[in-house]
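Chemist: Chain order of the listed sequences is A and B. First residue of the first sequence: 72, per my numbering; consecutive thereafter. First residue of the second sequence: 100, per my numbering; consecutive thereafter.
Some hints could be false.
[Unchecked claim] To list a few chain B residues with every Cβ distance to chain A over 12 Å, as calculated: (1) Trp-121; (2) Pro-160; (3) Met-192; (4) Asn-203; (5) Leu-212; (6) Leu-281; (7) Asn-304; (8) Leu-321.
[Claimed, not checked] With a cut-off of at most 20 Å between alpha-carbon atoms, the simulated PhoX-like pairs for lysine-lysine come out as follows: (9) Lys-173(A) x Lys-412(A); (10) Lys-529(A) x Lys-165(B); (11) Lys-159(B) x Lys-524(A); (12) Lys-159(B) x Lys-529(A); (13) Lys-529(A) x Lys-480(A); (14) Lys-334(A) x Lys-504(A); (15) Lys-410(A) x Lys-420(A); (16) Lys-165(B) x Lys-524(A); (17) Lys-216(A) x Lys-425(A); (18) Lys-426(A) x Lys-216(A); (19) Lys-151(A) x Lys-413(A); (20) Lys-434(A) x Lys-452(A); (21) Lys-323(A) x Lys-504(A); (22) Lys-434(A) x Lys-372(A); (23) Lys-171(B) x Lys-524(A).
[To be verified] Coverage of chain A stretches by chain B, computed from C-beta distances (three or more under 8 Å per stretch; other residues unrestricted): (24) 165-175; (25) 329-342; (26) 482-492; (27) 496-503; (28) 518-528.
In case anyone wonders, no lab produced these hints; they're calculated from the structure. As the structure is a prediction and not an experimental result, all values here were calculated from the model. For glycine and all other residues, C-beta sits at the position ideal for the given N, C-alpha and C.
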Amino acid sequence: MSTDDKKTVTGTTSRISRRKIIKTAGAASVLAASGMAFPAITGYAKEFSGVTLQGASFSSTFFEYLKGYFPEFEEQTGMKLNFVTNAFPVFNQRTDLELSTKGSALDVINVTFIYSGRWIGANWVENLRPYVDDENMTPPDWDWKDFVGGTMAAMSGANGDPYAFPWEAGAMIMMASRADLIEKAGKKMPTTFSELVDVCDAIHGQERMAAFTADKLHHWNFIPYLMGHGGGVFKDPPGNLTPTWDTPEAGKAAEYYADLLTKYGPSGILSFTDSQAMQTQKNGRANIRTQAITWGVPLAKDPDSKVKDTVRYSIMPGGPAGNFPGSNSHGFGIPVGSKNKKAAWEFIKWAVGKKMTKTLVEKHGYPSVCRQSIISSEAFKEAMTLNGQDVASIFLEVLKLGGKSGYMKYRTVPQFPQIGDKLNKAIERVATKQQSGMESMAQAQAEAVGDLKKSGVKIDL
Amino acid sequence: MAANLKRDPEDLRQKFYWFCLWPAFMVLIAVTLAPTIYLFVISFTPLDLTRPETSWDFSKPLGQYKIIWEDKRLHNSWWVQAKLSFWTVLIQMILGFLFALFLNVKSKLLEALRTVFLIPMVLPPIVVAIIWKVLYTPDISPFHWAAEGLGFMVPALITDPDWALWAIIIADIWEWFPFVMLMILSALQMMPEEYIEAAKIDGANVWQMTWYVTIPYLKGVLIVAALFRIVDSIKAFPLIYILTDGGPGSLTEVTNYYSFMQAFNFSYLGYSSAITVTLVIATILASWGIIRLVGWGKPID
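Extracted from the complex, chain A is given alone in its bound form:
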């Protein structure tokens, strides 16, 4: 390199340096004026500024809490978050369609439990193994092995690789918004199906309250009652997906559950969404509900709850064939068509990282935690002491029950969305007296068999 060349380079360099200094100083002034944290910007600004991350999930209290921290995340990373939440069926239907086109409209999505087998099996969501294995993308202390094994089962592919990381470990429990009315009637929290009916009989109509409430997702709410009566969804999932609904046990279970809804439920119960059912409890218009713990905690924690001092929790009742409370998990995944995968991963790391999980537990009492290190912490126990009751132990007991016998395997088969629809319709028909339990379940069985055949599934009848 000649001396002239060096001069030119040096001269150019010095000119650029001056420009850079001026630009940087100007940018710093603007940022300082807008109150943004300087160190946070320098860490991510180059990579994620200008990125708008499109996210979607079904509505849940988790997102109500998490959304409060979105500005903090946007400030840290420079990206913009556009995270949309819809009702459960609406989200699932839209996302299923979007994923099937391998489009790029969404960058980070909730991988719904009942769709996990379908979306992961069809390779519609990204394998996250390369993300967690790359130390440049994921620091070792993020520790993905910290997620409880049971919650990861549905989020993993056949090869064991993670395709999503869970934000909710759903555990179905029983919550009575007015346990005082149960005691007043000389009863205890029911532990069996027959006791549940006895209690409902004793408290229904007291203080203008319905004894029982539920949302319309019967293919989740009804299954523990089906199994408790000795019925099942499939013969031996995931290997044998022959439905087993045209049995006396299934018919009896359908009658039992439909009676709970219609004899003891509030008017309009068959159209209730999750939130509506929760509101009936929070407002003191309905007493007992068996549903995931996520929908039970607000009864004790929300400032507008009218039942904070009377709510009580227990493991859901069992039937003659045993106790099968539902458990599931929902997690964050990245659609394969996303054009912002790195940014999406940054969001996932943040949203289900140890720090955020701990924050949600400590500040909001979020119950459906999936990280072992948090579940075993004192903070979790403390947050899950609701109205003086240790609800954490109930939560863990349900997770253990679900993992022990694997009875939840029915729910992650790729064909469950269409099979679940048949169960929803079956319960509606029984609850509205269009058909008896046996007739309705037999019709649902015939429809399910037709659908499974359409999917190329071999039926063992």
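Knowing the structure of chain A, use the given hints to seat chain B on it.
Modeler: Then chain B, alone, in the frame of chain A:
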């Protein structure tokens, strides 16, 4: 040579017209014809979005149509569709006609009322559905509060098997009878005065004038309005999606909703296309049949 020169400008003009129409044809082909052809084509495959091997599988071209004949839930949806279309169109036609007669009277108050009656029709369908969802939800419905205040226990209409379909029918009538009313009203306002005057001179009373003069005059408009409404009733979707989700059971599940579920909830695009093809054919046949049966209307004497 001179003859050629005379003909050529006309040919050129014709060619120019066709040339000008081409962009519109291309757009029409792209947005209407191509998707329709695609719909027909995939109805001959078992296309399932979760199984890529099913796309372009023409090994059993009538396989999906065969399933149609075995699918009892689909057959039920045809019956539900027939009931929904019959009652909504019939009542909308009657109400639309009566309100049009009423609003045809010259009065400033009635002129103002015309605009009010048009409001349901111009609201986005999803907004209409939400309005009725509120009205039909016992916890938040002013209608239910009022009934309860008067000592009546009204069931939740959208989940009651005896009322669910009527809940949809009522909402649909509210939304669309103004369309029929508007069409009839515009025709009434163009009706020559001499028809009425001649009838009066002949000593016809109000009922006779309506039956023998007004209705025959409106026959063409009534048929067009009914056809529009029949076709639209077959497309009924937002009300069902928001209010009942096809339930309870399948009591309000019309065919297009069932087809939507097959495609977008279960990914059975092949089967859904086959259902839609049958629906398209049925709609065309029904429209043709009605026109043949009733005729387009003839000028009155």
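Chemist: If a hint holds in the structure, say so; if it doesn't, say that too.
Modeler: Hints, verified against the model:
1. Trp-121: Per Cβ check, Trp-121(B) is outside 12 Å of chain A; nearest 31 Å; holds.
2. Pro-160: holds, 16 Å
3. Met-192: holds, 30 Å
4. Asn-203: Its Cβ never comes within 12 Å of chain A, the nearest being 41 Å, so this holds.
5. Leu-212: At about 34 Å from chain A, Leu-212(B) clears the 12 Å cut-off, so the statement holds.
6. Leu-281: holds, 33 Å
7. Asn-304: Since the minimum Cβ distance to chain A is about 49 Å, Asn-304(B) lies beyond 12 Å and the statement holds.
8. Leu-321: holds, 37 Å
9. Lys-173(A) x Lys-412(A): holds, 13 Å
10. Lys-529(A) x Lys-165(B): Holds, at roughly 19 Å.
11. Lys-159(B) x Lys-524(A): Cα-Cα ~15 Å, so holds.
12. Lys-159(B) x Lys-529(A): holds, 18 Å
13. Lys-529(A) x Lys-480(A): With a Cα-Cα distance of about 18 Å, the restraint between Lys-529(A) and Lys-480(A) holds, given a limit of 20 Å.
14. Lys-334(A) x Lys-504(A): Holds, at about 12 Å.
15. Lys-410(A) x Lys-420(A): holds, 18 Å
16. Lys-165(B) x Lys-524(A): Status holds; Cα separation ~13 Å.
17. Lys-216(A) x Lys-425(A): With Cα atoms ~12 Å apart, Lys-216(A) and Lys-425(A) stay inside 20 Å; holds.
18. Lys-426(A) x Lys-216(A): This hinted pair holds, its Cα atoms lying about 16 Å apart.
19. Lys-151(A) x Lys-413(A): Cα-Cα ~14 Å, so holds.
20. Lys-434(A) x Lys-452(A): holds, 13 Å
21. Lys-323(A) x Lys-504(A): holds, 14 Å
22. Lys-434(A) x Lys-372(A): holds, 11 Å
23. Lys-171(B) x Lys-524(A): holds, 15 Å
24. 165-175: holds (count 3)
25. 329-342: holds (count 6)
26. 482-492: holds (count 4)
27. 496-503: Holds: 5 residues of the region 496-503 of chain A have a Cβ under 8 Å from chain B.
28. 518-528: Answer holds; 6 residues pass the 8 Å Cβ test.
The structure is consistent with each of the numbered hints, conforming to all of them.
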